[in-house]
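Asker: Based on the provided sequences and hints, a complete structural model is requested.
Residue numbers (the working numbering), protein chains in the order written: chain A, 1 to 151; chain B, 1001 to 1540.
It is worth saying that the hints were derived from the structure and are not from the lab.
None of these values were measured; they are calculated from a predicted model.
Every residue, glycine too, gets a C-beta built ideally from N, C-alpha and C.
Any given hint could be a false lead.
Stretch-level coverage of chain A by chain B, calculated; a stretch enters the list once three of its residues show a Cβ under 8 Å from a Cβ in chain B [to be verified]:
{"no.": "1", "region": "112-119"}
{"no.": "2", "region": "122-129"}
{"no.": "3", "region": "137-150"}
DEER-style ranges, computed between Cβ atoms [to be verified]:
{"no.": "4", "chain 1": "A", "residue 1": "TRP111", "chain 2": "B", "residue 2": "PHE1045", "range": "40 to 48 Å"}
{"no.": "5", "chain 1": "B", "residue 1": "LYS1527", "chain 2": "A", "residue 2": "ASN96", "range": "45 to 53 Å"}
{"no.": "6", "chain 1": "A", "residue 1": "GLU151", "chain 2": "B", "residue 2": "VAL1197", "range": "44 to 52 Å"}
{"no.": "7", "chain 1": "A", "residue 1": "GLU151", "chain 2": "B", "residue 2": "GLY1330", "range": "46 to 54 Å"}
{"no.": "8", "chain 1": "A", "residue 1": "ASN96", "chain 2": "B", "residue 2": "GLU1336", "range": "55 to 63 Å"}
{"no.": "9", "chain 1": "A", "residue 1": "SER95", "chain 2": "B", "residue 2": "TRP1033", "range": "35 to 43 Å"}
{"no.": "10", "chain 1": "A", "residue 1": "SER95", "chain 2": "B", "residue 2": "ALA1471", "range": "36 to 44 Å"}
{"no.": "11", "chain 1": "A", "residue 1": "SER117", "chain 2": "B", "residue 2": "SER1526", "range": "48 to 56 Å"}
{"no.": "12", "chain 1": "B", "residue 1": "GLY1330", "chain 2": "A", "residue 2": "ILE145", "range": "38 to 46 Å"}
{"no.": "13", "chain 1": "A", "residue 1": "TRP111", "chain 2": "B", "residue 2": "LEU1416", "range": "42 to 50 Å"}
{"no.": "14", "chain 1": "B", "residue 1": "ALA1496", "chain 2": "A", "residue 2": "SER117", "range": "25 to 33 Å"}
{"no.": "15", "chain 1": "B", "residue 1": "ILE1454", "chain 2": "A", "residue 2": "TRP98", "range": "32 to 40 Å"}
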Amino acid sequence: MPLPNGVTLETSDCKYRRGRGEQGISPCAPFLGPCSALRLQRSRTTGSDRSASQARQRSNLDSGLKTHIIRVRTNGLLGADLAPSMDNKKRKPGSNWWYLLLLVPFVGTLWVPFYNSAEPAWAGIPFFYWYQMLMVLVGAGITAIVYFATE
Amino acid sequence: MQLNEGEITGPQQSADEQELVLTDYSPVQNVNWIALIVFALLFGFITWLGFAAAHWRRGDLNLLNEWGLGGRRFGTLVTWFLVGGDLYTAYTFIAVPALAFGAGAVAFFAVPYTILIYPILLVVFPRLWSVCHRHGYITAADFVIGRFGNRWLALAIAVTGIVATMPYIALQLVGLQVVIGGLGLGGEGWLDELSLVIAFIILAAFTYSSGLRAPAAIAIVKDILIYITALAACIVIPIEVGGFGKIFAAIPAQKLLLAVPHGQSTGAYSGYATLALGSALALFLYPHSITGILSASSRGAVRRNAALLPAYSFMLGLLTLLGLMAFALGIDKLPEFVDGFKAFKSNFAVPALLLHTFPSWFVGVAFAAIGIGALVPAAIMSIAAANLFTRNIYREFFHRDASDKQESQMAKWMSLIVKFGALIFILLLPSQYAIQLQLLGGIWIIQTLPAVLIGAYTRWLNPWAQLVGWAVGIVTGTWMAAAMNFSATFPLLLGAWTFPGYSALYSLALNLIVAVVLTPLFNPVSKLPQDQTAPADYQA
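Answerer: Take a look at the structure:
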């Protein structure tokens, strides 16, 4: 395959290469075949029409383009790149509510008057100290719960 | 991890703050040969490991992605060690307990600070990891130029990152100096400088040859040693003193808790909370944090680490208690440590406590843990700064057609320049300059939050408006710190109330207000370049 300057076969996983040009498409687009079309379409989407574009991509994937893209991707230079994003699409709607749990550590640590006291002491350790150490465990537990709930 | 040592307290502790600043040396004590030999053996081992790491998960080190990000091949466990070793630095292990020793309860702000970084890591950074992985971005500024298409905003991000990182590297040397002094090498003046130079030549050489793989491999050794040390100290010392109850009973009331605010001021409470929040927001904006996260092999590895990394926070809390234990033991009054405290002030608290409590061979292990703990973050910081310079200054502004090999070669040279700059800084200037610059570094780096963290969600903010906001934030934050004589908290007056708080957070608020107000004004007159990233890239 003829390769443009600066692109070697060894580094052909194009996701590691940064666009040299000002904007727009990845430099490896020309020899990606159909994949480049997808990229073009994607790079036009902006933050404002995010949900619309997500919906469009989903419907594209559902309407038979899916197999096409996967074939191109796995045969092509991007490897198994698309697979994780497909998994993500399966995420249950509403599961993002779990992220609200992450506010607990913020509330628990930023309201200082709540814990700036010696009592109730535990094994001789003032509340101020053991409470904050406990919050480390609570915070870790909450990130773990949210991790598993949104996995 | 970011720490504004000696600058953290509310106004009432300002007398203590001054004591924490290091001065020049005086003789410390006799050389502790057994500890020195153990220390040297462990240093020898990690030197070998650093060079051998070049062959670990072999990749072509002539690619910046391989040299500067370890080929993004680190799984959950290695990322845990790498990021843990990266964020919880030697200076942290020396300075946080030192602050507890000198100023008491306020030092514990490090605990809420390191609690709050993990929700942020879990929510924001998988998105950033995905988009950077998809597009091959190596630095935060790479992402910014892809997202906003404005090379000047990216330049601001890159320069801020480099400038904020340099004093941080210098501070790692301060941590190293303290343990070298603790080994008894501080006496002659030139001996400790020689040790420092040797340590840094080792660091520079293995970073140059192995890139990010070296600190990743060494972090595993260092973190295991640190965990052993922290656990041993927190079991043995309370037993020796007679329980935690006795330790806390020996702490005077004004040090045991934060001062309760009085009058129309939120006092130490708002200072404590804003320091924790502001430091947490700033931490993952530092180039070395982003480098550590981007080197993870998968989005899942980043997410899992948000739940696993708090183990380090727990250890940091234990280590902070060491400062209180040192105080309870009256360790600075012991004749053998008087000279050490004269030379290093409160920073000598942990080394003295370890020397006091443990047999020499274990002191060697513990000091090696701290010393190696200086090299790991210093290596990652210099790599991160080198990546930024190479990608976003050299390649973007000077040599657009640089080949991959030229790019990685430039980064290797840059990592040397950055490190030796830090070394010369520490050898020639009083270390309080490094401490003050590091405080400013925290204020500066947080100004990149709109472009990097908010940019991960929306590109609503106009890049030129962000650039103006960034400049306003840098100038006002620097002014606040300078006006308060390089104390981290600034007494913000609103009506009749005073809110002492972390100047980084206040200047960030101003930065955001400016950016939000200017965005609708700038949008009609500036051409908005295309976004290279697509919404799906953030979920991939």
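Asker: Run every hint past the structure and note whether it holds.
Answerer: Right, here's what the structure says about each hint:
| no. | hint | in the structure |
| --- | --- | --- |
| 1 | 112-119 | holds (count 5) |
| 2 | 122-129 | holds (count 6) |
| 3 | 137-150 | holds (count 8) |
| 4 | A:TRP111 to B:PHE1045: 40 to 48 Å | holds, 46 Å |
| 5 | B:LYS1527 to A:ASN96: 45 to 53 Å | violated, 35 Å |
| 6 | A:GLU151 to B:VAL1197: 44 to 52 Å | holds, 49 Å |
| 7 | A:GLU151 to B:GLY1330: 46 to 54 Å | holds, 51 Å |
| 8 | A:ASN96 to B:GLU1336: 55 to 63 Å | holds, 58 Å |
| 9 | A:SER95 to B:TRP1033: 35 to 43 Å | violated, 60 Å |
| 10 | A:SER95 to B:ALA1471: 36 to 44 Å | holds, 40 Å |
| 11 | A:SER117 to B:SER1526: 48 to 56 Å | holds, 53 Å |
| 12 | B:GLY1330 to A:ILE145: 38 to 46 Å | holds, 44 Å |
| 13 | A:TRP111 to B:LEU1416: 42 to 50 Å | holds, 47 Å |
| 14 | B:ALA1496 to A:SER117: 25 to 33 Å | holds, 27 Å |
| 15 | B:ILE1454 to A:TRP98: 32 to 40 Å | violated, 22 Å |
The structure fails hints 5, 9 and 15 (numbered hints given earlier, in ascending order).
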